[in-house]
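Engineer: Chain residues, written in single-letter form:
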Amino acid sequence: MTTRTAPSSTRQFGKAFSRYPWLYSLIMLVVLLVINRSLQDNLFELFAVNGNLRVWLPAMLLAAGQTMVVIAGGIDMSVGGILSMCNAILATQIPSDATAERFITVIAISLLAGLAAGALNGFGVTYLRLQPIVTTYATSFIFSGIALQILPEPGGRLPRDVTTFFRNPIGDAVPVPALVIVGILIFWYVLTRTRFRQYLFGSGSKAEAAYATGVPVSRVRFTTYLLSGLFAALAAVALTMGNGTGNPRAGDLMTLPSVVAVVLGGTALSGGRGSVIGSLIGVAILGSISNVLSFAQIDRWVRPLTDALIIVVALAVPGVFALVRRMRR
Amino acid sequence: MKIAPIELTVQRAVKRYGGVVALSNGNLDVRSGEVLALLGANGSGKSTLAKIITGVVAPNEGDLRVDGQAVRFSSPHAARKAGISAVYQELSLVPDLTVAENIWLTHEPLRAGTLDRREMQRRTADLLALFSGAMRDSLSPETSIHTLPPDEKQIVEILKALSFGPRLMILDEATASLDSRQVDRLFNLVGQWKRDGMAIVFVSHRMEEIFRLADKATVLRNGESVGTRAIAETTERELVGLMIEGMHEFERRPPSAALASAPVRLKVEHVTGHGLHEVSLELCDGELLGIGGLQGQGQSELLLALFGALRVSGHVTISGEEARFKHPKDAMQKGVALVPGDRASEGLLMIRSILENLQLPSWREYGVPIRMKKAERDGAQVAEELRMVMASLDAPVNSLSGGNAQKVVLGKWLLRSPHLLLLNDPTKGVDVGAKSEFYELLNQLRDRGTAILFYSSDDDELLGLCDRVLVMHDGAVRAELAGDGLNRTALVAASMGAAG
Amino acid sequence: MRHKMLVVAAILAIVVLGIGAVSAQETYTIGISNSFVGSEWRTQMIQNIEDTAAELEEALGIDIELVIESEDTDAAGQEQQILNLINRGVDGIIVNPGDAEALRLTLEDAVAQGIPVISIDQEVDGEGVVNVVIDQSEWARISARWLAEQLGGEGKIVLIEGFVGHPANTARMTGVEEVLADYPGIEVVGRETGSWDQATGQQVMSDFLASLPEIDGVWTQDGMAFGVLNALRTANPDVWPIASGEARADFIQAWGEVVEENPDFQTIGVVNPPGVASDGLRVLVNLLQGKMIDAEQLAGPYGNTLYVPLPLVIVSEDFTYTDMEGNETVFEANFDEALAEAAEMPSAYTLDGMLTQEEVDAFFVAE
Chain A
1 MTTRTAPSST
11 RQFGKAFSRY
21 PWLYSLIMLV
31 VLLVINRSLQ
41 DNLFELFAVN
51 GNLRVWLPAM
61 LLAAGQTMVV
71 IAGGIDMSVG
81 GILSMCNAIL
91 ATQIPSDATA
101 ERFITVIAIS
111 LLAGLAAGAL
121 NGFGVTYLRL
131 QPIVTTYATS
141 FIFSGIALQI
151 LPEPGGRLPR
161 DVTTFFRNPI
171 GDAVPVPALV
181 IVGILIFWYV
191 LTRTRFRQYL
201 FGSGSKAEAA
211 YATGVPVSRV
221 RFTTYLLSGL
231 FAALAAVALT
241 MGNGTGNPRA
251 GDLMTLPSVV
261 AVVLGGTALS
271 GGRGSVIGSL
281 IGVAILGSIS
291 NVLSFAQIDR
301 WVRPLTDALI
311 IVVALAVPGV
321 FALVRRMRR
Chain B
1 MKIAPIELTV
11 QRAVKRYGGV
21 VALSNGNLDV
31 RSGEVLALLG
41 ANGSGKSTLA
51 KIITGVVAPN
61 EGDLRVDGQA
71 VRFSSPHAAR
81 KAGISAVYQE
91 LSLVPDLTVA
101 ENIWLTHEPL
111 RAGTLDRREM
121 QRRTADLLAL
131 FSGAMRDSLS
141 PETSIHTLPP
151 DEKQIVEILK
161 ALSFGPRLMI
171 LDEATASLDS
181 RQVDRLFNLV
191 GQWKRDGMAI
201 VFVSHRMEEI
211 FRLADKATVL
221 RNGESVGTRA
231 IAETTERELV
241 GLMIEGMHEF
251 ERRPPSAALA
261 SAPVRLKVEH
271 VTGHGLHEVS
281 LELCDGELLG
291 IGGLQGQGQS
301 ELLLALFGAL
311 RVSGHVTISG
321 EEARFKHPKD
331 AMQKGVALVP
341 GDRASEGLLM
351 IRSILENLQL
361 PSWREYGVPI
371 RMKKAERDGA
381 QVAEELRMVM
391 ASLDAPVNSL
401 SGGNAQKVVL
411 GKWLLRSPHL
421 LLLNDPTKGV
431 DVGAKSEFYE
441 LLNQLRDRGT
451 AILFYSSDDD
461 ELLGLCDRVL
471 VMHDGAVRAE
481 LAGDGLNRTA
491 LVAASMGAAG
Chain C
1 MRHKMLVVAA
11 ILAIVVLGIG
21 AVSAQETYTI
31 GISNSFVGSE
41 WRTQMIQNIE
51 DTAAELEEAL
61 GIDIELVIES
71 EDTDAAGQEQ
81 QILNLINRGV
91 DGIIVNPGDA
101 EALRLTLEDA
111 VAQGIPVISI
121 DQEVDGEGVV
131 NVVIDQSEWA
141 RISARWLAEQ
151 LGGEGKIVLI
161 EGFVGHPANT
171 ARMTGVEEVL
181 ADYPGIEVVG
191 RETGSWDQAT
201 GQQVMSDFLA
211 SLPEIDGVWT
221 QDGMAFGVLN
231 ALRTANPDVW
241 PIASGEARAD
251 FIQAWGEVVE
261 ENPDFQTIGV
271 VNPPGVASDG
281 LRVLVNLLQG
291 KMIDAEQLAG
301 PYGNTLYVPL
311 PLVIVSEDFT
321 YTDMEGNETV
331 FEANFDEALA
341 EAAEMPSAYT
351 LDGMLTQEEV
361 DAFFVAE
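Protein chains in written order, with my numbering: chain A, 1 to 329; chain B, 1 to 500; chain C, 1 to 367.
Check each hint, because a few of them may be wrong.
Stated by the list, open to error - In the EDC-like style, the derived pairs of lysine to aspartate or glutamate whose C-alpha atoms are separated by at most 20 Å in a straight line are:
#, chain 1, residue 1, chain 2, residue 2
1, C, 156, C, 125
2, B, 194, B, 224
3, A, 15, B, 137
4, B, 267, B, 238
5, C, 156, C, 238
6, B, 435, B, 385
7, B, 216, B, 238
8, B, 153, A, 307
9, A, 15, B, 142
To be verified - The following residues of chain A were derived to be distant from chain C, with all beta-carbon distances above 10 Å:
#, residue
10, 43
11, 55
12, 101
13, 123
14, 170
15, 239
16, 248
17, 250
18, 254
19, 316
Stated by the list, open to error - Partial chain B-side listing against chain A, Cβ under 8 Å, derived:
#, residue
20, 67
21, 80
22, 85
23, 91
24, 95
25, 97
26, 101
27, 105
28, 106
29, 114
30, 144
31, 183
No lab work stands behind these hints, which were simulated from the structure alone.
For glycine and all other residues, C-beta sits at the position ideal for the given N, C-alpha and C.
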């Protein structure tokens, strides 16, 4: 064991990249932030950091939940619908003069609603054996339908104290969303140190092998949909506390970006490989791309195209690296 | 290390898949400190019997007892709890997890409810040490499984089974991808485990290994346990005899006289790679050359290599012309056709029409725009020739029976009138009636002068149809059987790697 | 040689003077935030801002730099637009909010940082935000009143509305209901959403024609009116119901075609002007120049709205409109002029109107 030859530095890098697939994404994000900073002097000042993190936070929570589903070999196309549904519950049930008790109760109810939605998805996928993409796409209409039922038109207003607390850095120094992000990271850190982590990756990497070894694959997959529903509900809480209101279509445009962020973060859509850390970085990449384009004053007609091109390039980078490595061999 | 004693018996185990009986009367008996070999020809039911013991397959009938208590395993997990763990032939490893994570999956060492990675590394290193010197030093507990070569995967699989601390271990073809050094190491370990009181069931194709390792052998034939012998008191000849006893010999049609003067169509010299070792053969026009041996000995790889789908080293000539195919389309241009064994995944577009499937490789011949009338006429003619039973040429292939679907696979190549036909176990899962029509067709093609290389997992077909048979073992041609030498005893003996 | 030196000196002088002149001018950086690009109305809206900015630069001797954030996005995306405008340090913001309530707090943040915010087209309940909009209820009341008068206060009508739950639709339908309350002889026999979509409007009208035995009138709005007209032309019933119309170029042209075949045909187009964007810019520049809004002029549900009068009502015969307070306004027949204007415009162009600087100044405290 002690006589191993010292590995070359490139191999060392290769090892690090295969161990932490989000390193590519981190490099990409740093590059984008450097560009962004060169166009925006106050990028790292408190107001800008707080604002960016607040806008990104719901997407980060969605992507975090999505990551676990994808690692276990599934996909959840209903996260936007669940977000809309929980947003509608929160906005209608927390009046602007709500007591703290009421506030906490409604948050608990919306988290339960998210879990119930996840349970429905998990039941369809793991026990009825339906295709994940079709099942969750179909259920997304149920959830957004419920959202419209609860809240037919945008509205509702949370207590000012709530939004003021959420929108303003604690002690004029620490943005609340940053604390939530730290919370997600701690959650992931702890999860990856449990046996569930092995089951999660095992089920996604090769379900038959994991099953033959005694991994309860169905239960693991069911749990990932539960977690995804819970994280979508948390995303709704973050969104509602941020803007203080509800919109039954709040999540309509949020599902696909959550998948894109997961992939940008180095998680394989085929399952078995990935990290929530990468997905958080993926959301930051998507947000930074849009900010860079904004500050570079790219003509508004060209912006959707530029936006899409950069995302495609970002998605292709790991593939290009792998191609180069294959060709060298 | 002392292992708690165990005694396992199986009596009258039956397993049916639909109407097919895979095992009609499985019996075995093994106890602590004993190595039992299970052997039998292809389809004899030995794998099914092994899977019943490990809980992968639930028997329809029969009596399974551990230490005299009747048991029923609903899953591999249940069997493991009873102290039985298996080394599978189809690997049960998860590619994206590391060596350590795979070995300890579902029984990870924990500390305060979280993974104790240091302990996991330590224990894994201890296990890997059992094979140190027989594999790369760089293999560490942290290595991802998907980066390992097949032999090291197999070793990890063995260590994984061992990590459960079993009282009984089943090694199902565990040596197939190991090199001789690794096999030696494994056998030393098995000896050690045996002395520690473990019971071992050893399923193998290799007669030589059985005689080295086993204490006794149970032979299966046609789904039935036909006898158990103590190794010390038996011979290879006796075991082979048990495996084939009572199976009748086939009347073979005599090779045509013209064969002697027929030109050599295919010449293969020293083909190596993808598990093949120095394969050489010659095939004349109008000759039906069989390839036999146990399944998975390189037969499919050889055919795929000749078809340009696998890259190998060596020298191949077709009609005296050097043939270096980089892609199946190169092979097709030279008049080579391959009929694959797995129809659904390799040969057919199941939901498309019969005509489309028949013409798939040939559309080029019909110009732009496609001369549809002619394509239909040719398709109908082939269907007629093959006596295909179908609603119409426009019916989807998945509306056909297995035999007729196989005819479509064959028909699509016949439309190209190949000079060299490669058949990769084409009658697997085909009913008897369709088989005999298929044999007739092969004979017709042979009479027309087509050179045919025919791999079959069905020994009867090889014995009944072929002019010569090459028996493959471990990727090499182990024996060439022809004339009187082409008989069942010789075929089975050569398949098992038995001497003489 | 000497000659060349002179030329160089002259150029230098011009450049130096030019720089001097520029630096003497006030520069306003104004951010525009728009969350929907799929309509000609929004395109005209932005065009109006650009045109009026150029006009103001000329008239006031100032520089206006426009930073336009315009893309299809949701509330979160528009919040990011506003944050980027704030971070860029713009002097003022004009926003057409996709979700007025969801943007409220972020717009208040902008105001708190000393950036005046003008919301056009939609009213925002934000402290310090100034809304510059038309009165959507009044907009709907004019055509509803016209329809009721045309019917002589008697008959069966159908209503085809926009997105149910959208604030603008809610305001408009409230206006329609207020007017209809004055005419007990008018019965609403059908009410359906056409989703502000021409094809859906046409489908809904065709269904009404097929399923209802008698329809005397149709009240609808925006692009759906063209769909209704198409449905009528296709079905061509013996007696056409009287239908409200709109002010888009393609509708006006079709109106002209129908009149040629059927001289009795009448409808009404009340302009919902993209010009409010121009009005909003003028209000913003006034604020930036230190003028004070006359508190008397502020109205609306949140008390922070400047209502822009409706600039144009297209009718082919004079129409005397009575508002809810009983004030009368006469809209003179102007269809021929509108038709002439529409003929030169792209089909989705909305006939427009905007306030002059004097009219905008009237919102402010006189100096």
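Engineer: Now, for every hint given, state plainly whether the structure supports it.
Structural biologist: Status of the hints after comparison with the structure:
1. 156(C) with 125(C): 38 Å, violated
2. 194(B) with 224(B): 27 Å, violated
3. 15(A) with 137(B): 17 Å, holds
4. 267(B) with 238(B): 37 Å, violated
5. 156(C) with 238(C): Holds, at roughly 16 Å.
6. 435(B) with 385(B): 15 Å, holds
7. 216(B) with 238(B): Judged against 20 Å, a Cα distance of about 13 Å means the pair holds.
8. 153(B) with 307(A): Given pair residue 153(B), residue 307(A) is violated - Cα atoms ~44 Å apart, limit 20 Å.
9. 15(A) with 142(B): Measuring from Cα to Cα gives roughly 11 Å; hence the hint holds.
10. 43: 8 Å, violated
11. 55: It is violated; residue 55(A) is separated from chain C by about 5 Å at its closest Cβ, not greater than 10 Å.
12. 101: Its Cβ never comes within 10 Å of chain C, the nearest being 24 Å, so this holds.
13. 123: Since the minimum Cβ distance to chain C is about 30 Å, residue 123(A) lies beyond 10 Å and the statement holds.
14. 170: Given a closest Cβ separation of 17 Å, the condition holds.
15. 239: Incorrect as stated: the minimum Cβ-Cβ distance to chain C is 7 Å, not above 10 Å.
16. 248: Since the minimum Cβ distance to chain C is about 8 Å, residue 248(A) lies within 10 Å and the statement is violated.
17. 250: Violated, because the least Cβ-Cβ distance between residue 250(A) and chain C comes to about 7 Å, which does not exceed 10 Å.
18. 254: The claim breaks: residue 254(A) does not keep its Cβ more than 10 Å from every Cβ of chain C (closest is about 7 Å).
19. 316: The claim stands: residue 316(A) keeps its Cβ more than 10 Å from every Cβ of chain C (closest is about 23 Å).
20. 67: Given a least distance of 22 Å, the restraint on residue 67(B) is violated.
21. 80: Where the cut-off is 8 Å and the nearest Cβ of chain A is about 7 Å from residue 80(B), the hint holds.
22. 85: Violated. Min distance 10 Å.
23. 91: 7 Å, holds
24. 95: 5 Å, holds
25. 97: 6 Å, holds
26. 101: With a minimum Cβ separation of about 6 Å from chain A (threshold 8 Å), the hint on residue 101(B) holds.
27. 105: OK, holds: residue 105(B) within 8 Å of chain A, min 5 Å.
28. 106: Nearest chain A Cβ about 4 Å off; hint holds.
29. 114: 4 Å, holds
30. 144: OK, holds: residue 144(B) within 8 Å of chain A, min 7 Å.
31. 183: Nearest chain A Cβ about 24 Å off; hint violated.
The earlier numbered hints that this structure contradicts are 1, 2, 4, 8, 10, 11, 15, 16, 17, 18, 20, 22, 31.
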